[in-house]
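Chains G and W, in that order, are what the protein sequence lines are. Quick note: the first sequence uses our numbering, first residue 14, plus one each step. Quick note: the second sequence uses our numbering, first residue 24, plus one each step.
Calculated directly from the structure, the hints in this document are not laboratory data. By construction, the Cβ of each residue, glycine as well, lies at the ideal position given by its N, Cα and C atoms. The reader is advised that the hints may include incorrect statements.
[Stated by the list, open to error] Listing some non-contacts, in silico: residues in chain G with all C-beta distances to chain W over 10 Å:
hint: 1; residue: Phe28
hint: 2; residue: Ser32
hint: 3; residue: Thr34
hint: 4; residue: Ser46
hint: 5; residue: Glu86
hint: 6; residue: Thr137
hint: 7; residue: Gly145
hint: 8; residue: Ala167
hint: 9; residue: Arg178
hint: 10; residue: Gly184
hint: 11; residue: Val186
[Unchecked claim] Simulated restraints on C-beta separations:
hint: 12; chain 1: W; residue 1: His73; chain 2: G; residue 2: Glu33; range: 28 to 38 Å
hint: 13; chain 1: W; residue 1: Val43; chain 2: G; residue 2: Gly121; range: 38 to 48 Å
hint: 14; chain 1: G; residue 1: Pro210; chain 2: W; residue 2: Asp186; range: 57 to 67 Å
hint: 15; chain 1: G; residue 1: Ser61; chain 2: W; residue 2: Asn202; range: 39 to 49 Å
hint: 16; chain 1: W; residue 1: Pro300; chain 2: G; residue 2: Leu76; range: 30 to 40 Å
hint: 17; chain 1: W; residue 1: Arg75; chain 2: G; residue 2: Arg130; range: 45 to 55 Å
hint: 18; chain 1: G; residue 1: Gln39; chain 2: W; residue 2: His73; range: 50 to 60 Å
hint: 19; chain 1: G; residue 1: Leu76; chain 2: W; residue 2: Asn202; range: 38 to 48 Å
hint: 20; chain 1: G; residue 1: Pro149; chain 2: W; residue 2: Glu243; range: 48 to 58 Å
hint: 21; chain 1: G; residue 1: Arg88; chain 2: W; residue 2: Glu243; range: 16 to 26 Å
hint: 22; chain 1: G; residue 1: Arg88; chain 2: W; residue 2: Glu56; range: 19 to 29 Å
hint: 23; chain 1: W; residue 1: Arg348; chain 2: G; residue 2: Glu86; range: 48 to 58 Å
hint: 24; chain 1: G; residue 1: Gln39; chain 2: W; residue 2: Trp30; range: 21 to 31 Å
hint: 25; chain 1: W; residue 1: Asp186; chain 2: G; residue 2: Arg178; range: 21 to 31 Å
[To be verified] Just a sample of chain G residues kept apart from chain W, beta carbon distances all over 12 Å, derived:
hint: 26; residue: Ile50
hint: 27; residue: Trp131
hint: 28; residue: Gln150
Here are the chains, one letter per residue:
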Amino acid sequence: MSDDRTIKGNDLARFEKQSETLSLEQYSACEISAGCIGVVFRWSDLASAISVNATVLGTGKSLAVYFDGVAFERRFPKVEVGAHVLALQVIAGEGLTAAVVTMHERPGTQRGPDARRWRFRTDTASWRMWLGPAAPQGWAEPGFDDRRWATPLAHPSTRSDWDFRFAEREGAVLIGAPLSTAPGTVMLLRGRCAYTP
Amino acid sequence: MSETLDWLRDPHRDGPDYDVIVRWAYDRLARGENALAASLFDAAYALRPHDRSVANDRKSLLDAMSLVEHGIAWRYVPAGVFTMGADEGDRDEGPPRRVFVSAFWAADVALTETQRRALTALAWPTAAEAPTPSNEQVFLRGQAVRIQRVYSLRNGPAGRALDLALVALGWEETLDLCNAASLRLDGCRYRLPTEAEWEKAARGGLARQRYPWGDDAPTELRADFERLNRESLCDPRQFPPNGYGLHAMAGSVWEWCLDWYDAEAYAEGPTADPRGPADGRVKVLRGGSWADCEAALRVSFRWALAVNGAILSPCVGARLVRVPRSVP
Chain G
14 MSDDRTIKGN
24 DLARFEKQSE
34 TLSLEQYSAC
44 EISAGCIGVV
54 FRWSDLASAI
64 SVNATVLGTG
74 KSLAVYFDGV
84 AFERRFPKVE
94 VGAHVLALQV
104 IAGEGLTAAV
114 VTMHERPGTQ
124 RGPDARRWRF
134 RTDTASWRMW
144 LGPAAPQGWA
154 EPGFDDRRWA
164 TPLAHPSTRS
174 DWDFRFAERE
184 GAVLIGAPLS
194 TAPGTVMLLR
204 GRCAYTP
Chain W
24 MSETLDWLRD
34 PHRDGPDYDV
44 IVRWAYDRLA
54 RGENALAASL
64 FDAAYALRPH
74 DRSVANDRKS
84 LLDAMSLVEH
94 GIAWRYVPAG
104 VFTMGADEGD
114 RDEGPPRRVF
124 VSAFWAADVA
134 LTETQRRALT
144 ALAWPTAAEA
154 PTPSNEQVFL
164 RGQAVRIQRV
174 YSLRNGPAGR
184 ALDLALVALG
194 WEETLDLCNA
204 ASLRLDGCRY
214 RLPTEAEWEK
224 AARGGLARQR
234 YPWGDDAPTE
244 LRADFERLNR
254 ESLCDPRQFP
264 PNGYGLHAMA
274 GSVWEWCLDW
284 YDAEAYAEGP
294 TADPRGPADG
304 RVKVLRGGSW
314 ADCEAALRVS
324 FRWALAVNGA
334 ILSPCVGARL
344 VRVPRSVP
């Protein structure tokens, strides 16, 4: 026997858009230009890619970030279905040579039922580090063999910058080179993530 | 075969063969019965869009029946039956159904600031307050002003920005604008399109295709979409028009429709000039925006938002239609 409340709920649902195939993301005026109270909406197909929030910070003289071998778009990035490699290059300066990375699925996305089984995962144990005078050829490419690279060191945070502290509050760890690393040394980091059903 | 044209208005009847429809179209054209000829050409085009000769004559007739009024290019969309919805995508896009839509004119682009002022006879700022990229008074639309400035002015000089789509446009605000503009006209009036009118216009005369140009996936040459990082609008006329001469029916801005949203509307609603349910919670939006993925640009994809103006979005605008006063 049917439940009256269920029937009423279903009747009301037909008057609100509920997508089975696409997901609705909302970006507030704090994230993207939209006046004082505006909202930017984006319909996304989670069966092909997912929107993630990413923070990539480095100490040292400079930081370059690549995703699957191409410069990483850090503002509203999308990660396509499959396995991926995030690659960082930090040029050592005075003091600590390290980086902190957070990447997670954008919260609050309204998912349709077809997309609920898809997950974005980062593999924190996969990070590999290389130190030297110049980056080897193809080091940022997904197929590059980094199995002989070292495991980076986890450093206790000494940073007082707000963006580092926010990243650490989300559980990210500062990883990088030994404290004795000479200024000008190139530090490369490679980590893995995946978006799969 | 006798020239019976009831099938042009009846979603439940099939028309005659292609060659017969084409012959009747040219007959009516020769008699100066342009509206009927346009409907017949449109029916022929839906069957064989690649018949260049007929497609060209159809285009010439539709061009001739279009007009410019209050600074807006109004493109003629002939009366006729088309298949609304799709059997792919979300459940609310189906079941596909054949519906009849009366003739109307649709603006060739989504509403712009230039058009808004022409429709309402709203004066431009005086020389002392001449529009500049830093002058918010040029738009005079309250909170929406700041959003409009960012998305219009970022992409080019101020003069051109006035011909980009108005964004952060509320449904009620658009309705008020249409009513004010209609008071200044005899014989016709302006309003938002019904959902059926919007979809017929978006399809451009093509039958059961995904996008206004056919089944090929969108590209940056065809539509303004998937550009969240850019926070700007493209000129709608940089994209090729569809078969009715309408630009940017996919992407650019979501366009308000007159209808309340009902996921079951296609299964239950009328098939002649359908107007959605009598009441509802949210109003229909169509077409996708500069921020969306390609699947949201499909001509059958449906969305809806509240009309109370609580949400201002740089993704939302409107495209007006022009109808004879005899049409509701």
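Hint by hint, here is what the structure shows:
1. Annotated as non-interface, Phe28(G) brings its C-beta within 10 Å of a C-beta of chain W; the closest such distance is 5 Å.
2. With a minimum CB-CB distance of about 5 Å to chain W, Ser32(G) fails to clear the 10 Å threshold, and the non-interface call is violated.
3. Annotated as non-interface, Thr34(G) brings its C-beta within 10 Å of a C-beta of chain W; the closest such distance is 6 Å.
4. Residue-level check failed: Ser46(G) sits 4 Å from the nearest beta carbon of chain W, not beyond 10 Å.
5. Distance check for Glu86(G) against chain W: the nearest CB is about 7 Å away, which does not clear 10 Å, and the non-interface claim fails.
6. Distance to chain W confirms Thr137(G) as a non-interface residue, since its nearest Cβ pair spans about 27 Å, more than 10 Å.
7. Distance to chain W confirms Gly145(G) as a non-interface residue, since its nearest Cβ pair spans about 33 Å, more than 10 Å.
8. The Cβ of Ala167(G) sits about 32 Å from the closest Cβ of chain W, beyond the 10 Å cut-off, so the non-interface label holds.
9. Taking the minimum C-beta to C-beta distance to chain W, about 26 Å, the non-interface status of Arg178(G) holds against the 10 Å cut.
10. The non-interface label for Gly184(G) is consistent with chain W: the shortest C-beta to C-beta separation is roughly 26 Å, beyond 10 Å.
11. Every CB of chain W lies more than 10 Å from the CB of Val186(G), the least distance being 28 Å, so the non-interface label holds.
12. Taken as a hint, the range 28 to 38 Å holds for the pair His73(W) and Glu33(G), whose Cβ atoms sit roughly 34 Å apart.
13. A hinted range of 38 to 48 Å is violated for the C-beta pair Val43(W) and Gly121(G), which are about 56 Å apart.
14. Between Pro210(G) and Asp186(W) the C-beta distance comes to about 45 Å, which lies outside the given range of 57 to 67 Å.
15. Separation of Ser61(G) from Asn202(W) is about 42 Å and conforms to the stated range, judged on CB atoms against 39 to 49 Å.
16. For the hinted restraint 30 to 40 Å between Pro300(W) and Leu76(G), the CB-CB distance of approximately 55 Å leaves it violated.
17. Distance hint check: the CB atoms of Arg75(W) and Arg130(G) are about 48 Å apart, consistent with the given range 45 to 55 Å.
18. A beta carbon spacing of about 42 Å between Gln39(G) and His73(W) contradicts the range 50 to 60 Å that was offered as a hint.
19. For the hinted restraint 38 to 48 Å between Leu76(G) and Asn202(W), the CB-CB distance of approximately 56 Å leaves it violated.
20. Taking the beta carbon of each, Pro149(G) and Glu243(W) are about 35 Å apart, not inside 48 to 58 Å as hinted.
21. For the hinted restraint 16 to 26 Å between Arg88(G) and Glu243(W), the CB-CB distance of approximately 19 Å keeps it satisfied.
22. Between Arg88(G) and Glu56(W) the beta carbons are some 56 Å apart, a value that contradicts the proposed interval 19 to 29 Å.
23. Checked against the hint of 48 to 58 Å, the C-beta distance between Arg348(W) and Glu86(G) comes to roughly 51 Å, which is consistent with it.
24. The hinted window of 21 to 31 Å between Gln39(G) and Trp30(W) is violated, with their beta carbons roughly 46 Å apart.
25. Remark: the range hint 21 to 31 Å for Asp186(W) to Arg178(G) is contradicted by a beta-carbon distance near 46 Å.
26. Interface exclusion of Ile50(G) from chain W breaks down, the closest Cβ pair being 6 Å apart, not more than 12 Å.
27. In this structure Trp131(G) is separated from chain W by more than 12 Å, as the shortest Cβ-Cβ distance comes to about 14 Å.
28. The claim that Gln150(G) is not at the interface with chain W holds, since no C-beta of that chain comes within 12 Å of its own (minimum 30 Å).
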